[in-house]
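Visitor: Make one complex out of these two single chains by using the hints.
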Amino acid sequence: MFERIKQMVIKEFIQVLRDKRMKAIVFITPIIQLMLFGYAVTTDVNNITTAFYDLDKTFESRELARRLESSGYFNIAYFPESPREIQPLVDRGKVLCAIQINNGFSKDLKKGISTEVQVIVDGTDSNTATVAMDYASRIIMKYAKDIGSNTPTSSPGINLNTRAWYNPDLRSRNYNVPGVIAIVIMLICLLLTSMAVVREREIGTMEQLMVTPLRPIELMLGKTIPFAMIGFFDVFLVTLVAVFWFDIPIKSSLQIMPLATAIYLLSVLGIGLFISTISRTQQQALMATFLFFIPAVLLSGFMFPIENMPKIIQYGTYINPLRYFLVITRGIFLKGNGIEILWPQMTALLILGIVVMTLSSLRFRKRIG
Amino acid sequence: MNTDISIKIFNLTKSFGNITAVNNLNLGIKKGELFGLVGPDGAGKTTIMRLLTATMMPSSGEAWVAGNSILSEGEKIKEKIGYMSQKFGLYEDLTVMENIIFYADLYEVPQKERPQRIERLLGFSNLTPFKDRLAGRLSGGMKQKLGLACALIHTPEVLFLDEPTNGVDPVSRRDFWKILYDLLKEGVTIFVSTAYLDEAERCTRICLMHKGKILMDDNPAAIKRSLGMPMVEMWSDDARNAIEIIKGIDGVQSVSLYGNKLHVAISRSELVDDIIINLSRSGIVIRGHREILPSIEDIFISQVEGQ
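Taken in sequence, the protein lines are chains R and Y.
Note that this note's numbering has the first sequence beginning at 1, numbered continuously upward.
Note that this note's numbering has the second sequence beginning at 1001, numbered continuously upward.
Looking at chain Y on its own, in the form it has when it is part of the complex (with noise of 0.2 Å):
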């Protein structure tokens, strides 16, 4: 197999009873990649993870973490992968130190090696001047900060990441991508799932994930570039009403609501007069419009539509 390569999947499939969540899927992964994998909730994107992390079985298919086959090496997967879940994992009646260490004993990281990874690790995440906190009395941006070093104690080659920014305030948010943006420099292949669009736009690259099927794979500026037609933006002060009618017309490829502005992919620049005259038969005014640079969440929701 090629080194360069870190995950490796191969026709991957997983049912629940008829529910299809992960549909024949195959990628690559390379060292060193920040990969994002982007979908609302029920895309399948926790199963992926969990098939990854050998933690659960495929139906069928079969894939390879850091060289090792998660069918039949599962427990070598683990020594080599790092895993933050949604709730970061901690035991919150245990101090920040306590939980470092005993996530340090559970992956027997060698006793000589830990002062100087615990002080690294807690270094990077601001957390030595709380180190004997108990973890439940942190905020949610530094049990985060203490669930990413917890999952770090062992150096992994392959760093999971489940929705690891739920809940977690916006500054807090831009220290952590600033740690992930660290690791990958010493060369950590870093998986991350999100439902926020708009983080998703950090990775360098970004597969879209629409009920266990991959949408798209690209890195987010060919992604943008991808939708082929023009998009606009609309604003007007009816502009929940203004959807339906819209979508009603011929050539418009999908519209979303943000706030009182509408974007809305369209077959042709020209198009944007006969929406405004449609609307305006139903006196919906429309104060003004661009053409604009779609977002990744315009293009996740024209390929969901166009579906």
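So that you can see chain R by itself, here it is in the shape it has in the complex (with noise of 0.2 Å):
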């Protein structure tokens, strides 16, 4: 029996690193995936074009404008002379934020009265109107801050000392590298299972591997064991890329990682098999891995976080597995959890792993036989 599997394995890596197309899905495909989630999907809000409308021309409004510039955060491309000409601007989609100083903004600040900087952004898009706003609110707080120190009217009031723990620039990509190593992992497993077994439907082997002696638990493990050992290659691969390219901070010695990688596996390589169970051509295999996938990444918490959600819809995040995977890999780095911590996700993806491989396996057993 294991020789038989062996055997069917040795014939599944061969198949696979002969195949061009195959090998590049395999290798550089998580790496590229990798990129971009690394480079280009951010939501970190930098270089806001921004239109300064200055009725006050005092040092002291110059000085507002050059503390928004420095920060980095805003880039100031339009001087408008009116407001009139603002409006154009964020219409026409050349500035995402708009900032009006006053005429007597200097005159008030030195007498100690309050003045008022008004600030205009595209809401178009929401969330980044909203950090736009909050960067700017805090800066010129910041600014009337310092310069009323020796002003009298500052409040005392309740001074808000906020701290970002575990990423404390809050830097997107740390949050996104992480979650990309579940997804990647996701997706080649999903499509080297459920293709391989449809593929030897289609070329008319599966009918001669059912007359041989070849029994249907030999063929499953056979058809999975390959995929799960690339599958923990790529994760060591997209770790080592992560942490020595993106400079992804590893809090925790990633001991549990083979573990939780192995317990996720159970579910994704499950389901796989089930796809190869429904389809019977490699076109439909693809189309059902994507009609899964798809809804598992977004409703997963990988981008949008799984507490806005309806109801409804947060309890059927309950059988993703990426849900429990992506907290484990962002636990694993960001936190340093261990298994003391991360012990309720990695106990709901292995029992969601026995559950899902199960069924799999006796449907694919039926279909087989």
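By construction, these hints were calculated from the structure, which means they are not laboratory data.
Please read these numbers as outputs of a predicted model, since none were measured by experiment.
Note that beta-carbon positions come from the ideal geometry of N, C-alpha and C, so glycine has one too.
Just so you know, not all the hints are guaranteed correct.
[Stated by the list, open to error] Only pairs whose alpha carbons sit at most 27 Å apart, straight line, appear in this in silico BS3-like list of lysine-lysine:
hint: 1; chain 1: Y; residue 1: Lys1224; chain 2: Y; residue 2: Lys1213
hint: 2; chain 1: R; residue 1: Lys6; chain 2: Y; residue 2: Lys1131
hint: 3; chain 1: R; residue 1: Lys366; chain 2: Y; residue 2: Lys1224
hint: 4; chain 1: R; residue 1: Lys6; chain 2: Y; residue 2: Lys1076
hint: 5; chain 1: R; residue 1: Lys6; chain 2: Y; residue 2: Lys1224
[What the hints assert, rightly or not] If you want the ones that stay clear, here's a sample from chain Y, every Cβ over 10 Å from chain R, calculated:
hint: 6; residue: Asp1004
hint: 7; residue: Lys1031
hint: 8; residue: Pro1040
hint: 9; residue: Leu1071
hint: 10; residue: Gly1089
hint: 11; residue: Asp1093
hint: 12; residue: Lys1112
hint: 13; residue: Lys1211
hint: 14; residue: Leu1271
hint: 15; residue: Asp1273
hint: 16; residue: His1289
Guide: Now the structure itself:
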């Protein structure tokens, strides 16, 4: 039995490694995806093109402009001369933000009277708008505080002192890259498993295999073990790039990563097998894979917090293996969590994996036999 | 059970919904027979293959292959049989050698016997010079021989071939049958299904199958003699239009078309004149005719039309 499984595994490896496109899927796509998410897909807001409408034209107003620019968040590209010039700039998307300083700004400041600064943001991209508004008000408040240090008007009140733990600079890359590991592994393992089984059916070798003493369980293991191994290898590869190229901090010793990956792969390979039992051609397998994969990513908390979703969808995410593995990878990388903290996710993932794998194997056996 | 019997089929039936693909089949196939299952597509040939190779369960009935029951001893049967499907079941991205070794592994052929067996299989199939070539780069005939080599790696007692010469050129086909005759000498039982009636004549025994039932079962020569009435070949430039007219004549058992020739089974020889007169009334000229020995195809058509 083990001899036959071993030979199936060897055969699968020869086939994957001999096919140039397959080789690219296995070794190149994880890196490309990681690069994309590491560099291009970022929710950080920088270089907001800004119009600065200065009615005051004093040293103080120019100092505020300088501070906005030197923060790196704002790039003042326009100095309109009238309010009418602001409207078209925002309409045409030339600027995301316009800041208006009223006449008498510096005089009021010096007198210690409260004064107003108008911040207009393009709200069509609500996320960026909120962030821009937040940055602008922080810089302006800071400026007001610095200037007003000698004025008694600044109220004692509450001094808000915020700190972001685990990712102090709030770099979205730190948050994304560990998630990409989970996503890439899912996609590759799903595709390889479902396609490998369906391909045998398509080229007619499945019919031949059924007449040999090869048992369904041996066939199933022969069709999952190689891709589990490739999955492990890809985790290793992507982790190396994440750490040495993107400087993603690893707060824990990574010891539980292999165990967590193994548990995760159980579900993923189970789903791959299931797809192979419902698809007759490789195209169908491909379609089915993406039909599962895209909602799985959207409803995993990878980009949108699960807490924001409607309750009913939130319950649905409990059967999404990605949901758990994202918490695990982020926990391992960013928080330095160990098994003592991540055990609920790992247990859930293990139960899910066992259920999915069992159902898929039963269906697989029935379909084959 | 008789030890000379290689395959025994008893009341075997397989239905898919309300379609009966195999209908109450009874057969005994002796060791060393080259048994040809002949019939058009949809006759139930592949279903019988699947049932006998224990990859499908019958609706009712039972069969024994190499002494093992298809109902309860499927695993044992699989070790004793070789099977080659229409598509030859090869991995086109593996080499000739890798394909053979893969099947040797599946059948757990002992390591020490392998070099000798592989050498022999490559030898008779003339694949030795191509052993490192990818299977996908082989010609149709070579793929077929490789498929056969893979099916023979564990020296099976019974060899099942499902339409093995589909899409293979005539020369390779002849080579292939030569290999089968060599195997027969070694005592292997060969069960082959084919839709080519000319090819069926190469078998030692033929079973004509139609709609899940056996119409005839005998050796090719006996089948040819079985018509029991004369067969006349007629040729005409308008043969196509002549068919319908001939069919309407009393005493005509069957008519089939071969290019500009017609094969007509008639109840008595004198009927030929009636046919010619009838046709000439419709303006169809018969340019010649002679009595012939019917081919398997003629027999098959007359049987099907006689139903």
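Visitor: Next step is simple, just say for each hint if it's right about the structure.
Guide: Hint-by-hint comparison with the structure:
Distance restraint check for Lys1224 of chain Y and Lys1213 of chain Y: the Cα-Cα separation of roughly 19 Å lies within the 27 Å cut-off, and the hinted pair is therefore satisfied. The suggested pairing of Lys6 of chain R with Lys1131 of chain Y holds, with an alpha-carbon distance near 23 Å, which does not exceed 27 Å. For the given pair, Lys366 of chain R sits about 45 Å from Lys1224 of chain Y by alpha-carbon distance, which is inconsistent with the 27 Å threshold. Restraint check for Lys6 of chain R and Lys1076 of chain Y: the C-alpha separation of about 22 Å stays at or below 27 Å, so the hint holds.
For the hint pairing Lys6 of chain R with Lys1224 of chain Y, the CA-to-CA distance comes to about 52 Å; that exceeds 27 Å, so the pair is violated. No beta-carbon of chain R comes within 10 Å of the beta-carbon of Asp1004 of chain Y; the shortest separation is about 24 Å. With a cut of 10 Å on Cβ distances, Lys1031 of chain Y stays outside the contact zone with chain R, its closest approach being about 20 Å. With a cut of 10 Å on Cβ distances, Pro1040 of chain Y stays outside the contact zone with chain R, its closest approach being about 21 Å.
With a closest Cβ-Cβ approach of about 14 Å to chain R, Leu1071 of chain Y is found to remain outside the 10 Å limit, as its non-interface label requires. Chain R draws Gly1089 of chain Y into its interface by the beta-carbon criterion, the shortest separation being 3 Å against a cut-off of 10 Å. Taking the minimum C-beta to C-beta distance to chain R, about 5 Å, the non-interface status of Asp1093 of chain Y is violated against the 10 Å cut. Taking the minimum C-beta to C-beta distance to chain R, about 15 Å, the non-interface status of Lys1112 of chain Y holds against the 10 Å cut.
Look at Lys1211 of chain Y: its CB is around 24 Å from the nearest CB on chain R, clear of 10 Å, so calling it non-interface holds up. Distance check on Leu1271 of chain Y: its Cβ is at least 48 Å (rounded) from any Cβ of chain R, clearing the 10 Å threshold; non-interface status holds. Against chain R, the non-interface label of Asp1273 of chain Y holds: every CB pair exceeds 10 Å, the least being about 53 Å. With a least beta-carbon separation of about 46 Å from chain R, His1289 of chain Y lies farther than 10 Å from that chain, consistent with its non-interface assignment.
The structure fails to meet hints 3, 5, 10 and 11 from the earlier list, while all remaining hints are met.
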